[in-house]
Each structure stands twice: as structure tokens, then as C-alpha cells.
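Enquirer: Chain by chain, the residues run as shown.
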Amino acid sequence: MDFEILSRLQFAFTIAFHYIYPPLSIGIGIILVIMEGRYLKTKDKFYENMTKFWVKVFALTFAIGVATGIVMEFEFGTNWATYSRFVGDVFGSALAAEGIFAFFLESGFLAVLVFGWDKVGPKMHFFSTLMVSLGSMFSAVWIVIANSWQQTPAGYHIVGEGANARAEITDFWELVFNPSSVDRISHVISGAWLAGAFLIISISAYYIIKNRHIRFAKSSIKIALVVALIASLFQLFTGHSSAVGVSKYQPAKLAAMEAVFDDQTNAQLYLFGWVNEDKQEVSFSIAIPGMLSYLIGFDIDTKVTGLNSFKEEDRPPVNIVFQAYHLMIAIGMALILLSLLGVYLWARGTLFKQKWLMWIFVFSVLLPQIANQVGWITAEVGRQPWIVYGLLRTSEGLSKSVEIGQVWFSLILFTLIYIGLFILFIYLLNEKIQHGPEDVDSIPSEIGHPKS
Amino acid sequence: MEFTFDLNTIWFFLIGILLIGYSILDGFDLGVGALHLLVKDDTERRIMLNSIGPVWDGNEVWLVTGGGALFAAFPHVYATVFSGFYSAIMLLLFMLIFRAVAIEFRSKRPMRWWRQMWDVAFSIASILIAFLAGVAVGNLITGIPLNANKEFIGSFWGLINPYTVLVGVTTVSLFMMHGAIYGVMKTEQALHDKLRGWVNNTIIFFIICYITTTMSTLIYYPHMIQHFKEVPALFVLAILNMLAIANIPREILKGKDFFAFLSSCASIAALLALFAFGVFPNFVIASNNPEFSLNIYNAASSQKTLNIMLIIALIGIPFVLAYTISIYWIFRGKVKLNNMSY
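Protein sequences appear in the order of chains V and H. Everything in the first sequence is counted per my numbering, starting at 878 for the first residue and increasing by one. Everything in the second sequence is counted per my numbering, starting at 267 for the first residue and increasing by one.
None of these hints come from the bench; they were simulated from the model. Mixed in with the good hints there might be a few duds.
[As the list claims (entries may be wrong)] From the structure, some residues in chain V lie toward chain H, with a derived Cβ separation under 8 angstroms:
1) Ala940
2) Ile947
3) Ile1213
4) Glu1308
[To be verified] Covered stretches of chain H (in silico footprint by chain V; criterion: 3 or more residues with CB under 8 angstroms from a CB of chain V, positions within the stretch not fixed):
5) 408 to 421
6) 438 to 446
7) 485 to 498
8) 562 to 571
9) 578 to 584
[Claimed, not checked] Quick list of the computed label-pair ranges, beta carbon to beta carbon:
10) V:His1117 with H:Ser607: 30 to 40 angstroms
11) H:Gln569 with V:Phe1187: 48 to 58 angstroms
12) H:Gln455 with V:Thr1227: 53 to 63 angstroms
13) H:Phe501 with V:Pro1262: 22 to 32 angstroms
14) V:Asp1048 with H:Pro547: 25 to 35 angstroms
15) V:Pro1262 with H:Ile474: 26 to 36 angstroms
16) H:Tyr563 with V:Glu1189: 53 to 63 angstroms
17) H:Ser607 with V:Asp1048: 42 to 52 angstroms
18) V:Asp1140 with H:Ile426: 52 to 62 angstroms
19) V:Ser1162 with H:Ile426: 22 to 32 angstroms
Backbone N, C-alpha and C fix where the C-beta goes; we use that ideal spot for every residue, glycine too.
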């Protein structure tokens, strides 16, 4: 394998692993705010204990998120030094803003959230929960702004030539509100809410099946289901709006997402298929005629630019992007159906009697995780061969003073360490699940009788 | 010394302040980690761990923000150093991961082998992080070989020499002293008395390292004292540094642990300020050709970006200080173990 592929593999592996955790923190964080908010309002200890249990799960995801996150920040410099020189002026501002506005906020108040239960009053504790949740979302906002700038650069000009060329800011707000940032921020954050909500749904459904902590589990599922329903429906809009943006600003990516090879109107939307890139064919497919044109322009006569209109060296890989994109959509739809079904059965009062659905819920935790991962694969592989769309090629962004042996060394170690980390995570999560919440069910309440 | 108070200079010192903030804050929790294995009893080890429990994560954020600020303000420094020190940085990252994991997981299981394993990981990682940080600083003093394109052209083993190792050991000793004093402040009874006894030893260890480093810097790297010759007023920093160190045993003796800790903070700040003034206006000195050195001008982002970042920093810093201080205030006093503890 060559130096570029290894460096890309390492970045892809470390970011994919990292991206398991922050979405969980963001998603659980917002639900913690709701739970503790209910405690403040009702003064019912039940909600305090409920919050305490989920805070433990939150703290676990947060710790791994931080440890694997530092890696990401350093890797721009270690493996992508030329890229760092090119984008530092632009990208750096967003990263610095993330540090000063988001990281200090979340990690500072995290101390109170986890360790401060008997050090501060309930209101101050709630405030800390809110700040941690906000901080984790700010963090997503700034890093997605930086990434969106790589997709749709704006507010910059190029200074210098050849190897010394770099992008410099001309307008900070154009950078912040570059054409794709708002769509992508909302898409990423609601994807994170789904990740958190379905983790809570999954663990709670397990308790229901095992007939343990019933009141706790029912109440947790209900709160998480509401978040899941809102977020999954919201994804329809943010996803659609993102795709329209891609068609405008990154047409080659859109062409790869839907395997459009020749320019066409009345372009079809595939439900699934397998792309043969050499023959430029899609086999085993079902498609809706005209739908792609309609969706991006609300008119079946909207012209979609095909991959053949781009120089061969400017085209992204097609099948990976196609599969990743369609898997994401399929899961997105499944999550909407699952949330709707859950809320419908809840309204009918029969939700918790559906053993089969509880089992689906237990495994549903994987769905948003997979969707988040393939969503990012669509975004990042679809941007290839560019590291900054239209400005800098991925192959030009590498470090010049690093040797291939060093990357082998770090990639192998990352693989081993992260596998170990993942096993530990699962082990400790299971530990917390088996231990369960503290004496929640023993607290009498007017809201519902335990095990009813 | 040519000194113009422009944006580049401001950012040089702001990054210096972030580095000082990181060293003072993460310094004590790395120091606690370095001393961790010397404490034998499990409950006492848990107290050590929980003395830094609520804050170590936030302390590490100073490193993250420092890295981000360096990336933004001086992208060439960030790119050259991080790619040039590739293997060392990877080692640092692995240690940061091990350490975080060890803190998080150590007390989750009661088995002795489990806890001992994480304790060793925690302590070794803490020592190595301090050591690597020191070696990096050492290399910024000695300079590293660069080419005209600002790229590092040396090797990993070229970064390790007696001087840089000495700076690494000095950093470990500094953080051990700092951590011991922090430990004294946060513990009570038997553990408190034990740590109190260690403070003097760690001070002696540090002073030996400190004097050796200073002597070898004066002899082998006299460029570090150029500015101090030109602007003798800067020598105040060296005096402040010595006075702060001398004040530590005095305050410990009087039982004023908090003031001893403040003195230790002051000595770290003074030490890093001496380093910053020594290398200014360079960030990375090219050992092969001074013309290739990365300084605050040829390695910087545009004036526009430095300006935007200054505004971001001015808005952000009051908040950061406000909640950093509030968090330390909320968690003031001696450590008590409870069911949320590590």
C-alpha cells in the first residue's frame, strides 16, 4: 500500500472510531436536560435517579470521545501537514473557536454534572447539565463548519503559488455560513440525537424484556422516543436540503451518490442497486423515474450533471458513495417508521406488551450508528479526489517529512489500541447496564406503579 | 531585541499563556500520576485519583485549545512540528489515551490485578507525557534541522540527545513537585502527612534538574540568554522563579498548603516565560541554517485571521476563566470518596 492510502486509512479509521462517541454524548446530553428538567419541575426523586443513571453512561461515552478526539486534532498536523499549511488560516479559526467556546464549556461543567451532585444545588446542577449539552453541540457546530468549508469553500482567497499557495480568510461570516454549513450542522446534530435516543431506547427495552427496573425503563423509552421521532423526521428535511446543496455545489458528489454517468433530465432515483463503474451500469436495481430531478429542483426537467462531464481525475469513486448513501437513506426511513410505530403503540397503551418490538428496539442502537458512519463516508469519499473541494487534492495534502514505516507503525498501534478500547467500552457499558439504576423502582409515585 | 507590539507578537504570547495554563493545570495532575505508584494502599490511591478526578479532563482541554490555537495562528509551526515529531507525537497520543482510559476504568472492578494494571498504566503514561512534553521543549531550544520549505529533515532519534532528555527529566521533576503540593492540599490525615514528607524530596529533585539544565543551557545554547543580556529587566523573571521555588518549603512548613501551591504555579509560569523570552521571536529554530527558522512572521496566518482570532479569544477568555475558577471553587477542599468517585 502506498503512503497516501495508508494515511487516508489511518485518518478514516481513527475518525470513524471517534465518531461512535461524540454523537452519543450529544444525543444523551439533550435527553439528560429533559430528564433533569422534569426532576426540577416535579421534584420527583425518580427523575433525579434516572438522570444519575444516564449520566454514568454519558460519562463513559464522553471520556472515550475526548481521548480519541485529541488524536483527530493532532492528526491534521502529523499526517496532513501540507493540508494544514494550506487551510490553517481558514480552518484554524473554526478549530480555535471550538476550543475556546465548546471544549472548555463542556469539560468544565462535566465535572459538576458527574461529580457535583452533592456539591451544588439542583438548579446549579441542571444548569451544568444544560451547559455540557450546549457545549457538546457547539463543538459539533464548529467542527462541521470547518468540514463544510472543505466541501464548499467560501469567504477566502488564494495567496501564493504552487507549493506555497494557501487559502486565507477574506470574510469570517462567509466562512461560517458557507453554502453547506447550516444544512450539514443540522443534519449532523439530529443524527447525534438519534444515536443517543436509540441507545437509551435499546438499554431500556432490554430492561423491559428482562422485567427489571420497569418504571425507569418505560419512562426512559418514552422520553427517548419523543426525541427520536422529532430527530428522525427532522432528518428528512435536513437530508433533503443537504442533497439539494450537494447538487448545486458538489455536482460530482451527487452524480456518484445516484450513479448518474451522463447528463440528463428526468433523472431516476435508485432505491438500491450495484454500480459497475467500468461499464457505467447499475445492476440489481429498482429506481423511481424522474424522482432525482424532481427532488433537487421540484421539476422532472431539472438537469442532473453526470460523472462523464467531469475529467476522469476529478471523479470520486462511485459504488462506495452510492452504497453508503443508499444505506443511510434506508436506515433513515427505518428510524422514522420505528419511531412512529413506537409512539403510535404508546398512544394506544400497548407499546410495552410488544415483546417483538422490544427486541427490535434492543438492536436498534446500531441503526443510527451505521447511518452516521455511512453518512460521513458519503460526504468524505464523495468529495474525493479533493481534500478541499476544487482547491487541493488529497494526494497533495500529505506530510512530506513522514515516512511510510512511521504510518504503518501508528496505524497498527491505533488498530490494536482502539480494538482494546472498544472491548473495554462494551464491557463497562454492560457492567453499568447489569448494575442498573439505583433503587428507582422502590420510590413510590403517583405517575405509575412499578411493574404495572 | 526587536520588539513590535503587533498581532503576531500578541499571539506568540497568547500561545505561551495557553502553554503556561496547560502546564500549571495538567502539570499537577500529571504529577499526581507520576507519584501514584509510590502510594501503596488502595483507598489512598483512589483518593489520589479522585483529587484530580473532576478536573483532569478540563485541564487537558488547555492542550487541545493550545494545539488548535497553534494550528490557527501559526499553521507552519503546527505542520512542521507535528509532522516532524511524528513518532513522538503518536507516542504522546497513545499515552494520553492510556491515561484517560486508566483513570476511567481503574476503579470499575475490584480485582487487585485489574487495579494494579491500570495504576501502572496511569503512572507510566503520566510520566511519559511530561517527559515527551519536556523533550519537545528541549528540541525547540536546541533547534532542529529544517529545509527551505519549512520541512523537518532530521530523524526521530535525532530528537533524543542528552540535553533534550535532561529537559524531559526536568519537566517530570517539576510536575512531580507540583503534583505533590497539590496532593498535600487535597488530602488529609495519613496520606496528607506522607505527601507532605515527599514535597521536600521532590523540590530537591527538581532543583538539581533545574540547575543542571540551566548550566547546560548557558554553556551549550547561549542564544537563549541573548535577550536577557539586551534587556536586563527580564532578569526579574529569573529572580521571581527562584523566589517562588524558595517560598514553597516555607509555606509548607507553616501549613499554608494553598500558598505553597500558588508558589509552585508561579515558578512554572516564570520558567516557561524564561523559555518564551529565550526563543522569541522564533518558534522553531533551524539548527542547520538560521534563515530557515520558523518565527512569528514567516510561520503565521494572515493579519485578518490573527485579528479574528483575537476577537474570539477576547470574547471567550472571560468565560473560560469564570467557569474554570467556579469549577475549582465548587470542588475546593479535601477529597471525599462517594459512589460517583473513580
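Enquirer: Against each hint, give a clear statement of whether it holds in the structure.
Expert: Quick rundown of the hints versus the structure:
1. For Ala940 of chain V, the suggested interface contact is upheld, since its CB lies about 5 angstroms from the closest CB of chain H, less than 8 angstroms.
2. Interface restraint check: Ile947 of chain V against chain H, minimum CB-CB distance 6 angstroms, threshold 8 angstroms, status holds.
3. Proximity of Ile1213 of chain V to chain H is violated relative to the hint, the smallest CB-CB distance being about 35 angstroms (cut-off 8 angstroms).
4. Annotation: Glu1308 of chain V was flagged as interfacial toward chain H, and the flag holds, the nearest CB pair being 7 angstroms apart, inside 8 angstroms.
5. Beta-carbon proximity to chain V at under 8 angstroms applies to 5 residues in the region 408 to 421 of chain H; the threshold of 3 is reached and the given coverage holds.
6. Here's how the region 438 to 446 of chain H fares: 0 of its residues keep a CB closer than 8 angstroms to some CB of chain V, so the rule of at least three is not met and the hint is violated.
7. Here the region 485 to 498 of chain H counts 0 residues with a CB under 8 angstroms from a CB of chain V, which misses the bar of 3, and the coverage is violated.
8. Counting residues of the region 562 to 571 of chain H whose C-beta sits closer than 8 angstroms to any C-beta of chain V gives 4, which meets the bar of three, so the coverage hint holds.
9. Note: the region 578 to 584 of chain H has 4 residues with beta-carbon separation from chain V under 8 angstroms; the three-residue rule is met and the coverage holds.
10. The hinted range of 30 to 40 angstroms is not satisfied by His1117 of chain V and Ser607 of chain H, whose Cβ atoms lie roughly 47 angstroms apart.
11. For Gln569 of chain H and Phe1187 of chain V, the Cβ-Cβ distance of about 37 angstroms falls outside the hinted range of 48 to 58 angstroms, so the restraint is violated.
12. Distance hint check for Gln455 of chain H and Thr1227 of chain V: the Cβ-Cβ separation is about 58 angstroms, which falls inside the suggested range of 53 to 63 angstroms.
13. For the pair Phe501 of chain H and Pro1262 of chain V, the beta carbons lie near 56 angstroms from each other, so the given range of 22 to 32 angstroms is not met.
14. Look at Asp1048 of chain V against Pro547 of chain H: about 29 angstroms separates their beta carbons, and that is inside 25 to 35 angstroms.
15. Distance hint check for Pro1262 of chain V and Ile474 of chain H: the Cβ-Cβ separation is about 56 angstroms, which falls outside the suggested range of 26 to 36 angstroms.
16. Between Tyr563 of chain H and Glu1189 of chain V, the C-beta spacing of about 42 angstroms breaks the proposed range 53 to 63 angstroms.
17. Checked against the hint of 42 to 52 angstroms, the C-beta distance between Ser607 of chain H and Asp1048 of chain V comes to roughly 49 angstroms, which is consistent with it.
18. The supplied range of 52 to 62 angstroms is met by Asp1140 of chain V and Ile426 of chain H, whose beta-carbon atoms lie about 59 angstroms from each other.
19. Our hint of 22 to 32 angstroms for Ser1162 of chain V and Ile426 of chain H is violated, since their Cβ atoms are close to 58 angstroms apart.
In this structure, the earlier hints numbered 3, 6, 7, 10, 11, 13, 15, 16, 19 are contradicted, and the remaining ones agree with it.
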